[in-house]
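*Asks:* With the sequences and hints as input, model every part of the structure.
With the numbering used here applied, the sequence shown has no gaps in its numbers, which climb one by one up to 1881 at the end.
Calculated directly from the structure, the hints in this document are not laboratory data. Some clues are possibly wrong.
Distance ranges between label pairs, derived from CB positions [unchecked claim]:
1) Gly1841 to Leu1659: 19 to 29 Å
2) Ser1635 to His1604: 50 to 60 Å
3) Leu1631 to Ala1790: 23 to 33 Å
Positions of the beta carbon are idealized from the N, C-alpha and C atoms, including for glycine.
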Amino acid sequence: MQALLVFLAIAALSLLASSRTLLDPSRLPGVAPLVASGLIFLVFGALLGPGLAGVLTLEDLDGLRPVRALGLGTAGVILGLNLDPRVLRLLPRQVFSAALAHAGVAFLFVAVPVSAVLMMATHLPPRVVVGGAAVLGAAASLSSGHFAVLGYRSGRLERSRGLAVALLTMLDDGVGLLVLAVALVLGAAANPLDGAGLVGLAMLLGLLCGALIVFLTYALKDPAELMAVMLGGVALVGGAAAYLRVSVLLAGVACGATLAVVGGRAVAQVARALGRFERPTYLILVFLIGCRLQIRDLDAWVLLPGYVALRFLGKVWGGSLAQRFAASALKLPPRLGYALISQGGLSLCLVSGYLGLVPGELSQHIFDVVVLGAVINEVLASRAFRLVLEAPRVPTGESS
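*Replies:* Structure representation (structure tokens):
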């Protein structure tokens, strides 16, 4: 009954999120960005979850773990398909340097101070503290390019500049996933060696599932059959990873990367088939992640201002550094850092997967900070992006 309530609530919210009034930033400037990004589902999940109204209990959320695993698996496969090594090889080195600059600076700005604070404030083993701070830094390093995409689609931003921003935000996904793998090595098992084994098992599982999907779709031409096999494969990788208690997200990425490398002609059809389910699956996942938020977590509220401020500074400074690296390779907008403030949904997937594999008070605090920060950063990003759209002033003496 409770699961049915969840899906009915999501269906109702989908209709609500399509309202032109809510999507109009001139009428509701604080709500419109959340609706456009889907984070309004995060807010409603927090309101209905055990932390507030309690419409959904912890037992209900535990019963919905397969749905969460399916969402994380889908997100991972799509990420793996986007990070196609054959395409990445064609990009100039300056592009990778720029992506690493804006992601790495934000990571260091958050992870290093938080790690020092947690070392002094808690009595947890250093490897657990470092792993938790690394996950928080990884979430801070990620950015979403949806404001840039909306900007060039509306004609307010040059297409080349918008695509360049979207490319940089896509490449920083690799930084976040790498840091997640390191954090799981440190905290997902009794010792780092066992943790490395679990990460390796997740990657191997994804590779095998990807190879199986390639084999099953090799001779398929009917779109309905292709879609059925693809969805079954995604459910398989998510369910198997959840059963083995390894990272569903990393297994999905390995599966998607395998499809991208050896999938052949079927890859484009597979990506289109999966793309039809991306949005509803993402909204369900975001809703369930919001349900896990502990709104009364005082420690998270204490860390939140520092997290948001440090990430903002890291993105602005890292954006200016990235602009220098990629000036000869990409046509980037001025004030690039302000286009990178939006945090994106992958950060929610990172902390959700980490909380499931490394349970504890510290993991819950990190989860709460990132979820709350995602909402605040989305609102900040909608205002900061206006500075990107504004043309920089030219001094009077240089006008000629």
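*Asks:* For every hint, state whether the structure bears it out.
*Replies:* Structure-based check of each hint:
For Gly1841 paired with Leu1659, a C-beta distance near 23 Å keeps the hint of 19 to 29 Å intact. In this structure the hint that Ser1635 and His1604 lie 50 to 60 Å apart at CB holds, the actual value being about 52 Å. In this structure the supplied range 23 to 33 Å holds for Leu1631 paired with Ala1790, their Cβ-Cβ distance being about 26 Å.
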